[in-house]
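> Here is how the chains run, residue by residue.
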Amino acid sequence: MQLLDRSFDVSTVPVAGATLSAEALRGVEQFLYREARLLDERRFAEWLALWTEDGRYWVPRFHDQANPFEQISLFWEDKMLREVRVRRVENARNWSQQPLTRSAHLVGNITIEGLDAAGHLIVRSTLQLTEWRIEQRQLAGAVFHKLVATDDGDWKIVLKRVNLVNCDDVFANLEVFI
Amino acid sequence: MTLSNEALAAMVRPDSVHKHVYTDPEIFALEMERIYGQAWIYVGHESQVKKTGDYHTTRIGDQDVIMVRAADGKVHVVYNRCPHKGAKVVPEGDGCTGKFFRCPYHAWTFKLDGSHLSLPLKNGLEGTCYDPANPDFSMKAVARVDSYRGFVFASQSAAGPDLKTFLGGVASSIDNLCERSPVGEVEVAGGTFRVMQKSNWKVFYENLHDTMHARVTHESSFVAAREEAKEIGEMPFELLIMDGNGEPYEFWEKLELRAYHNGHGYMEGIFDPTAATRDPVSRDHFAVLTEAYGEEKARQIMGMNRHNTIIYGSGSPHTVFQQFRVIRPVSVDRTMIEIQTFRLKGAPDAVFDRALTYANLINSPSSNVMPDDVEVYKRCQEGNQTRGGDWVSLHRYLGTDQETPDGMVSTNGTSELPMRNQFAAWKQYMLNPPTQATPNQTASTEAGHAAA
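Residue numbers (my numbering), protein chains in the order written: chain A, 1 to 178; chain B, 1 to 452.
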């Protein structure tokens with residue numbers, strides 16, 4: 001699938017409701033916490049395995065951005081580009097990762113929004129992210145995950161959209177995933 | 001205390017510069033007056049202010065200015081300051097102010113060229129020198145504004161060369177960028193990124209034509225791209241644009257570096273006759289250009305394989321992928337880069353897709369390539385604060401640069417000619433302050449004002 005394939009459904013507005021048991025809801029929450037933890041612990045190989053083959057990671061450049069096809073994005077990455085980013089930050093000559101970026105993701109306010117047209121579960125959460133590399137940076141925003149259930153009762157990420165409160169800000173480099 | 005011309009001149013040697021040019025706040029302040037107070041500086045593209053009242057705020061050196069479209073279609077550039085109390089009349093960003101500017105503090109209003117329109121309760125100013133025609137009651141316009149093929153530049157100095165003369169040989173890069181559109185027009189599209197670098201503005205200009213850093217600084221990203229390509233068995237566009245930095249030294253040595261007056265220049269790959277037909281996107285683009293210009297001219301346009309162009313003081317247009325990295329000095333150790341992407345009017349959509357992808361992957365804050373640049377710029381900034389030495393070397397291929405009718409050309413693509421050329425311009429500006437009053441110290445018409 002091409003990076004700018006317009007047929008990829010980036011909408012996070014549900015087309016149908018979803019009812020989850022308390023146990024299933026807990027499973028979703030645990031999945032989101034685990035995803036955040038893998039990033040904080042820089043366990044990138046495990047993090048990459050959380051995604052579907054054609055899953056997309058998106059951090060829009062604009063508030064209410066309709067899609068990543070007509071406008072620039074802070075991140076718009078498919079499997080290949082997520083892997084390249086991991087390879088780069090793990091390269092021994094990654095001058096800008098000396099010292100490494102450290103992070104603490106705080107994920108909360110998890111709500112089940114409903115289902116998209118393909119039946120993926122849309123989950124909204126709020127993110128507080130503290131990053132440190134020589135100096136501290138605070139990032140925050142609303143995160144939308146579109147998840148698909150796996151045969152073994154777990155989840156995979158079809159889309160992760162991070163709406164940063166300051167997406168239109170001047171930025172220092174964003175080197176690792178938010 | 002202002003640094004003497006003698007002291008400033010001594011900072012630039014033929015083969016090196018004194019580190020204080022990067023670290024001394026006093027020199028930075030002088031640069032704002034003597035370089036950014038004189039040179040033509042890119043403020044934005046006409047497509048950013050399409051309708052009457054549309055404005056775009058930006059900075060010329062340390063000056064906040066507004067680019068605005070007036071009712072007669074003309075683009076004006078005025079300082080973002082109300083002449084009453086000094087408040088900035090419009091907030092940072094893009095917007096539309098309607099038929100006139102209105103200050104949010106006391107509702108003084110101004111026409112779109114900045115000239116005074118009105119203010120409330122005028123009778124309170126009776127018996128004073130208040131007069132709508134008195135410039136002291138208007139927003140001040142920047143001394144000169146001109147546009148080259150839609151690219152709007154302004155100069156804070158009433159004297160000096162015209163824009164076309166100032167641009168010299170690099171006007172051809174703007175021409176090439178425009179000619180890549182079958183109708184010869186481009187527009188800013190898709191939004192702009194803004195990235196902060198913790199280093200002096202000159203460091204970035206020098207790096208733009210520094211071919212010796214590519215495979216050293218960017219090892220992490222070109223190796224990552226190559227490893228990934230090997231694993232997936234192909235090298236798509238997204239990886240190809242990260243891979244280029246890994247070319248061996250022999251590749252960079254063959255490139256040609258062109259240097260022009262005023263610090264400008266460009267890096268040219270040897271004319272690439274295959275550029276027009278190498279991939280499906282280029283082939284479609286070539287077909288559209290052939291229809292518009294004929295095959296020979298279309299081949300020329302797409303074969304002009306320039307990498308970074310430098311318009312010293314403004315930034316770096318990239319013709320092949322339709323970007324403009326606008327370089328805004330913030331302080332002696334902070335530089336903000338505004339990254340614009342252009343749509344080539346009438347070109348296939350896939351060409352804009354490629355420009356968008358290039359912006360996202362190479363120039364955005366999340367680029368895998370740029371962080372290593374930004375890191376080494378910061379290390380230069382910090383290293384130059386130590387007592388470990390005073391001079392910064394520009395020795396490579398010194399003495400081999402060749403004069404051309406309109407500038408200079410390197411004999412080797414790893415030459416530090418571009419840096420030497422930039423500092424020649426720097427010295428020229430710094431030793432020759434603007435002759436008229438500087439923008440901050442404009443003499444008021446004292447006679448009109450009542451004595452204290």
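To be clear, the hints were calculated from the coordinates, so they are not data collected in a lab.
Keep in mind it's a predicted model, so treat the numbers as computed, not measured.
Every residue, glycine too, gets a C-beta built ideally from N, C-alpha and C.
Accuracy of the hints is not assured; some may be wrong.
Calculated Cβ distances over 10 Å to all of chain A for the following chain B residues [what the hints assert, rightly or not]:
id, residue
1, 14
2, 20
3, 32
4, 87
5, 221
6, 331
7, 376
8, 402
Pairs of lysine to aspartate or glutamate residues, derived as EDC-like cross-links and limited to a Cα-Cα distance of at most 16 Å, are as follows [said to hold, decoys possible]:
id, chain 1, residue 1, chain 2, residue 2
9, A, 79, B, 234
10, B, 378, A, 151
11, A, 79, B, 72
12, A, 79, B, 231
13, B, 345, A, 70
14, B, 198, B, 72
15, B, 51, B, 72
16, B, 230, A, 83
17, B, 297, B, 338
18, B, 198, A, 83
19, B, 111, B, 136
20, B, 345, B, 284
> The structure should be examined with respect to each hint, and the outcome stated for every one.
Comparing the hints with the structure gives:
The beta carbon of residue 14 of chain B sits about 31 Å from the closest Cβ of chain A, which is more than 10 Å, so the claim that it is off the interface holds. No beta-carbon of chain A comes within 10 Å of the beta-carbon of residue 20 of chain B; the shortest separation is about 24 Å. The Cβ of residue 32 of chain B sits about 19 Å from the closest Cβ of chain A, beyond the 10 Å cut-off, so the non-interface label holds. The Cβ of residue 87 of chain B lies farther than 10 Å from every Cβ of chain A, with a closest approach of about 23 Å, so its non-interface assignment holds.
Not every CB of chain A is more than 10 Å from the CB of residue 221 of chain B (nearest about 5 Å), against its label as outside the interface. Even its closest Cβ contact with chain A, about 13 Å, leaves residue 331 of chain B beyond 10 Å, as expected for a residue assigned away from the interface. A Cβ of chain A approaches the Cβ of residue 376 of chain B within 10 Å, the least distance being about 6 Å, so the stated non-interface status is violated. Distance check for residue 402 of chain B against chain A: the nearest CB is about 35 Å away, which clears 10 Å, and the non-interface claim stands.
Restraint check for residue 79 of chain A and residue 234 of chain B: the C-alpha separation of about 14 Å stays at or below 16 Å, so the hint holds. A threshold of 16 Å between alpha carbons decides the hint, and for residue 378 of chain B with residue 151 of chain A the separation of about 49 Å lies outside it, so the pair is violated. A distance of roughly 50 Å separates the Cα atoms of residue 79 of chain A and residue 72 of chain B; the hinted pair therefore is violated under the 16 Å criterion. Of the supplied pair hints, the one linking residue 79 of chain A and residue 231 of chain B holds, its CA atoms being roughly 12 Å apart against a limit of 16 Å.
In summary, the hint linking residue 345 of chain B to residue 70 of chain A is supported, as the alpha carbons are separated by about 14 Å, within the 16 Å threshold. For the hint pairing residue 198 of chain B with residue 72 of chain B, the CA-to-CA distance comes to about 41 Å; that exceeds 16 Å, so the pair is violated. Annotation: proposed proximity of residue 51 of chain B to residue 72 of chain B holds, straight-line Cα distance about 10 Å (limit 16 Å). At roughly 12 Å between alpha-carbon atoms, residue 230 of chain B and residue 83 of chain A fall within 16 Å of each other, so this suggested pair holds.
Under the criterion of a C-alpha separation no larger than 16 Å, the hint pairing residue 297 of chain B with residue 338 of chain B is inconsistent with the structure, at around 32 Å. Our distance criterion of 16 Å between C-alpha atoms is broken by residue 198 of chain B and residue 83 of chain A, whose separation comes to about 28 Å. Restraint check: the Cα-Cα separation between residue 111 of chain B and residue 136 of chain B comes to about 14 Å, which is no more than 16 Å; the hinted pair holds. With a C-alpha separation of about 14 Å, the suggested pairing of residue 345 of chain B with residue 284 of chain B holds against the 16 Å cut-off.
The structure shown violates the earlier hints numbered 5, 7, 10, 11, 14, 17, 18.
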